[in-house]
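Asks: Below, each chain spelled out in residue letters.
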Amino acid sequence: MKITKEMKEALEETYMPLFNPFLPYRVLYLATCDREGNPNITVISFAKVIDNKIIIPDIALLKSRLNIEENPDISFIVALYRNYQPVGGFGIRILHAITKRLISIDISLLGRIKLRILLTLYKIFKRFIPRAKYKISLRKEPKYFEFRGKAKIVRYGKTYENMNKFMKILFGKKFELNGIVEIEIEEIKEKKLSDHAS
Amino acid sequence: MLPKEANILEQVFRKRIKDELSGIKTSIKIDSEMKDVLEKNYSKNFSASLPFRLHYLAFRENGKLRIIPVKKVRVMDKNKILVECDAKIKGRVALLSCVYSKFEEENERLVSRSLSIEEMKGWQFKGFAKSKRIGKESYILLEVDEIYCAISGKKLQETRERLRIKLIQGIVKSFFNISGNVAIAIANRALRKFRIEIKGSEENFSIKGSNKLKKMKTKEFNKILCTLLKEYSVIYGERLAKSMTILLEKFSENLRAKPKKEWKVCLK
Chain G
173 MKITKEMKEA
183 LEETYMPLFN
193 PFLPYRVLYL
203 ATCDREGNPN
213 ITVISFAKVI
223 DNKIIIPDIA
233 LLKSRLNIEE
243 NPDISFIVAL
253 YRNYQPVGGF
263 GIRILHAITK
273 RLISIDISLL
283 GRIKLRILLT
293 LYKIFKRFIP
303 RAKYKISLRK
313 EPKYFEFRGK
323 AKIVRYGKTY
333 ENMNKFMKIL
343 FGKKFELNGI
353 VEIEIEEIKE
363 KKLSDHAS
Chain E
174 MLPKEANILE
184 QVFRKRIKDE
194 LSGIKTSIKI
204 DSEMKDVLEK
214 NYSKNFSASL
224 PFRLHYLAFR
234 ENGKLRIIPV
244 KKVRVMDKNK
254 ILVECDAKIK
264 GRVALLSCVY
274 SKFEEENERL
284 VSRSLSIEEM
294 KGWQFKGFAK
304 SKRIGKESYI
314 LLEVDEIYCA
324 ISGKKLQETR
334 ERLRIKLIQG
344 IVKSFFNISG
354 NVAIAIANRA
364 LRKFRIEIKG
374 SEENFSIKGS
384 NKLKKMKTKE
394 FNKILCTLLK
404 EYSVIYGERL
414 AKSMTILLEK
424 FSENLRAKPK
434 KEWKVCLK
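As given, the protein sequences belong to chains G and E, one line each in that order. Heads up: the first sequence at position 83 corresponds to 255 in our numbering, and the numbers run straight through without jumps. Heads up: the second sequence at position 98 corresponds to 271 in our numbering, and the numbers run straight through without jumps.
One chain only, chain E, in its complex shape:
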């Protein structure tokens, strides 16, 4: 890899880490306040001056985005939530839980989202979900990896693994100008192969292995990349081979290397 590209990559790395790590926790813990909002029984509150709570779940079903009201949720672990839901869900979901209170405000206040902070509090929990059956009831088990404030939209907590994936997504998008799951998966694998580690906290962070990347020659880099792509074609099959070839071309364009022969990913 050319030193110039390696420098750019490192700069992108550093900027993204600083942006992503500012003011958030890198582990997930559903605290007692959140647990209260998620689990507490508000049904006895018959007066509108007392709070009531709503749960809504957004997910993708057959490629279409859906949002449904949810009856009950239970906190299973510090990062796991059991949601009572009939829909068969697999993949990434977002669960919004809000408590509404104090309705003595003026009419106009309902119009303003930013002014209605005192009226509601809540969080948005994002993560991967799996369908589960307990007896006759259908549930989904949500493994939370991101927590956002429902009102300000600010990110509060995020797991290190999710952060890593997002960082790589960002790097791939900004440096190689490509996106998509295949590109991210390949870039992720490539970084692992280069033994690049992102370590540290908001104030002090380091990137291990970036020197190794600088010293690496174009030929060597291409060789590793080629091996990786071969591995991927074996794992994921033929339909990805085409996109991988395009990806490889883009990689070499970015590296300013003159490919001696045309790239082609073959299946073995």
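Chain G extracted, bound-state conformation:
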């Protein structure tokens, strides 16, 4: 199974919570189960896709780590919400020239007023951050992606070291990553995300 560009964007993109109420919020949940089949869900806030594998840093993954060591079967979900509604409609995507971060601002496809707001936002951004790359895009129907596969804990190697370096930038030099969770995808389910959040 291959992770598409759309899935990769949903997994990796950073959604900057600055402008209400047009901003999406992304949720990542990891479900694991032990040898006896008792499931457990963990909230994840960061994931990366490398060589068609999902990489999650092991930050306070207590029960999940134990479960993966016992049973590698996992299920992973990514969904985007805008307040209580799933994300859809127009959006500006900004690739920041300095931080190399991709930031998304989404506005639902309802009326001209919102389109005007989007254009105003685009002008403001363009004025204050002229070096960034901008792209106005139309989001497709809101969905969530469910990934199923085998996971393992990795505590060495290039991917681990890169992730450790990245975490040190965020949390300081003293921070040492316990390990990374490497997920090999076996099955991907793509489903419409109706109004689940309330």
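Hints are supplied without guarantee of correctness; some may be wrong.
As the list claims (entries may be wrong) - Pairs of lysine-lysine, BS3-like flavour, derived with a Cα cap of 27 Å:
hint	chain 1	residue 1	chain 2	residue 2
1	G	Lys364	E	Lys263
2	G	Lys235	E	Lys253
3	G	Lys235	E	Lys309
4	G	Lys364	E	Lys328
5	G	Lys177	G	Lys298
6	G	Lys235	E	Lys328
7	G	Lys346	G	Lys180
8	G	Lys315	E	Lys328
9	G	Lys345	G	Lys220
10	G	Lys363	E	Lys213
11	G	Lys363	E	Lys237
12	G	Lys364	E	Lys202
Note that these hints are calculated values from the structure, not bench results. Owing to the predicted nature of the structure, the values given are computational and were not obtained by experimental measurement.
With chain G's structure known, arrange chain E on it following the hints.
Replies: Below, chain E alone, put in the same frame as chain G:
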């Protein structure tokens, strides 16, 4: 049973009880704060500065682990939750309910799980589920036996029965070096037959019947075990007989008893 083994068993018992009982409640009660997170209607909050809530359900379907978003849940009893869900579920499930709020944080904060405590609150409810139909809608009835904090992952509440099963699981794993549902079921039954009771609270606990276990001779112990296994083979059928035989061998290895004849579980 040899006194040495009985002592080890008792030590394992005591350690596990102390570990398991520290800081948790041994009964389940979905309190008003949890009920609020589970049932309250957040849909009118149109601003991102106001909270919104999400429910996610993890379960096993045809042996495969799945996680799905859930629309609505309702608290039925102090330990029962009705979940609106189309999937046919039977067995153990985990329901995660979280309320997200305050998005005025910096970009980096989203990356950190440990730092995002103020942004969300929630609980994870674990228990056994049964599918139910009310009119045209499909539901599952979740009987909660464990409650965890969604952020720290700390266990907050657990029923005594679940605790007992877990204790036995732990004992079987650490003492006999075996795992699996059959082993646990047999060990559970064996402990009941020996009339061992775990009583007490975090500070003060006692194990009833451990002296009886110490005094018991190997022959007597094996006899009881044999009867138990026979009972189980009648209940569960032939496919378990093989694993039971292996189990029995492991039991006797641990007891350092020299079996006079080879163990074999027969069906009657």
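Asks: If a hint holds in the structure, say so; if it doesn't, say that too.
Replies: Checked hints:
Taking the CA atoms of G/Lys364 and E/Lys263, the gap is near 25 Å; set against the 27 Å cutoff, the hint holds. With a CA separation close to 24 Å, the supplied pair G/Lys235 and E/Lys253 stays within the 27 Å bound. Between G/Lys235 and E/Lys309 the alpha-carbon distance is near 37 Å, which puts this suggested pair outside the 27 Å criterion. For a cut-off of 27 Å, the pair hint linking G/Lys364 to E/Lys328 is broken: about 33 Å separates their Cα positions.
For the hint pairing G/Lys177 with G/Lys298, the CA-to-CA distance comes to about 26 Å; that is within 27 Å, so the pair holds. As the CA atoms of G/Lys235 and E/Lys328 are separated by approximately 11 Å, the hinted pair is consistent with the 27 Å bound. Our distance criterion of 27 Å between C-alpha atoms is broken by G/Lys346 and G/Lys180, whose separation comes to about 30 Å. Between G/Lys315 and E/Lys328, the direct Cα distance comes to roughly 32 Å. Violation of the 27 Å bound is thereby established for this hinted pair.
Only pairs whose Cα atoms come within 27 Å are accepted, and G/Lys345 paired with G/Lys220 is accepted, the gap being roughly 21 Å. Annotation: proposed proximity of G/Lys363 to E/Lys213 holds, straight-line Cα distance about 26 Å (limit 27 Å). Of the pairs offered as hints, the one joining G/Lys363 and E/Lys237 holds, with about 18 Å between alpha carbons and a cut-off of 27 Å not exceeded. About 35 Å separates the Cα atoms of G/Lys364 and E/Lys202, which puts this hinted pair outside 27 Å; it is violated.
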